[in-house]
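Chains V and A, in that order, are what the protein sequence lines are.
If you're matching positions, the first sequence starts at 1 in the UniProt record's numbering and goes up one per residue.
If you're matching positions, the second sequence starts at 1 in the UniProt record's numbering and goes up one per residue.
These are computed hints drawn from the structure, not numbers from a lab.
Just so you know, even glycine gets a beta-carbon here, dropped at the ideal spot from N, CA and C.
Each hint should be verified, as a subset may be incorrect.
[To be verified] From the structure, some residues in chain V lie toward chain A, with a derived Cβ separation under 8 Å:
hint	residue
1	2
2	89
3	190
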Amino acid sequence: QVSELVQFLLVKDQKKIPIKRADMLKNVIREYRDAYSEIVNKAGKTLQEVFGLQLVEIDSKRHTYILINNLPCAEGKYLCRDEEKEKMGLLLIILSFIFMKGNSVKDSALWEFLHLLRVYPGRQHQVFGDVRKLVTEEFVRQKYLEITPIPLTDPQEFKYQWGPRAEKEISKKDVLNAVAKIQGKDPTFWSSQYSEAEATR
Amino acid sequence: ENREAMLNSRSNRLTEALEEANALFDGVCRAREAALDAQFLVLASNIGKEKANELHSEMSAFDSTAFAEDLLTFMGINRTEETDDSEDDPGGFLPGDAWKRVGEEALKYFKRAPVFHYMLGSFKSEPPVPKQRIERQKKASRGKAEQAMPAQLKKMEESHQEATEKEVERILRILQTHFENDPNTPISFFDFVIDPNSFARTVENMFHVSFLIRDGLARIKLDEDELPVIEPTKPSGAGEEDSRAGARNQVIIRLDQREWK
């Protein structure tokens, strides 16, 4: 059962959409429901020891899980398709923008910023295609971003924040360091962001 | 309306509006008006919260325009003097790998589980050599210019599972084609699967043939010399025979490189 679950989780993780406990029960564990937590724990151990991956519950109410990489940062080239690389680049930039602006930004502010990088919501992008869909649907489904409507706004406005997967896969400190590197400044240049990054380790 | 004006940290408009509402409330005597007043309070508190938020992020002002400029530089932008060509690229030309560069950097920070792929799917298939050997054998023994039609291999972009199935199908077809021409001579198993040039390919062929056996589409028997031969099974055998054929046999064939040579 355990190895079946491990395989199931690895395959489900391909799309980076969080895995629901219900799916695990239905497809793999089935009749062994009572041993559920034991099987999940053992699977988690296997994932850690064999693959260096951590099984993390990101929603304790709805019981959804993601896999994150627990190995220390490996030097050198990453085995990663270009398409995935480019999406992660865009994502990092968006997450940085959100964090540096106080952890929450309005949609208009974000898209105005992306304009400066030649990324337009209304236009097919050479690299990303339908960017609006990528950001508001794919990244949200994968739980990298969280988009909530701002009440009583007309026309409806939205605020963008980090999603639970982002919180687990990357730290504010890393993001701040990335920004500092790109701008050629010291991270302490932005004192309040720096203190916040240090505080949330 | 006037939301932006109220948000402006230097304006007192929000306070003024609240004071006005307060004054108006004294004159309220109908429920509907009270409801409107309540709605106004909700709006006002939302605006108040937003104002407070903006105060917070202004503590360490983050210049997003500068960030964007630095990002473009990081991506390798080629800044040109003329800005009159198109409104698309004012002030510079972004190289094709612009986003890949950012991506490379980004990957260092994300603890992202690498996406899982089956290794088997990455083989590129060419028609295996055994098929040609069969052709040569046939030509030699009967001098007929019979050509087994190789299954056309289109771009293998399908899923890994389908790739295996297609291989198996193709091998079955080759076997059947050979049999159409010479129904009473089973092929020597080893002649069928061995690729004289590649050990790996030989193993792969045996792997695919094993599927045919498992599905009952082909049969292996021992001939007079105790050597295994392979033949396709007849598609519509007598019903009873088929159900009896359920006897599961396991055969392990060991073949290492020296033996193969």
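Hints, verified against the model:
1. 2: This hint is violated: residue 2 (chain V) lies away from chain A, its Cβ roughly 17 Å from the closest one there, beyond 8 Å.
2. 89: Constraint on residue 89 (chain V) satisfied, holds at 3 Å.
3. 190: holds (4 Å)
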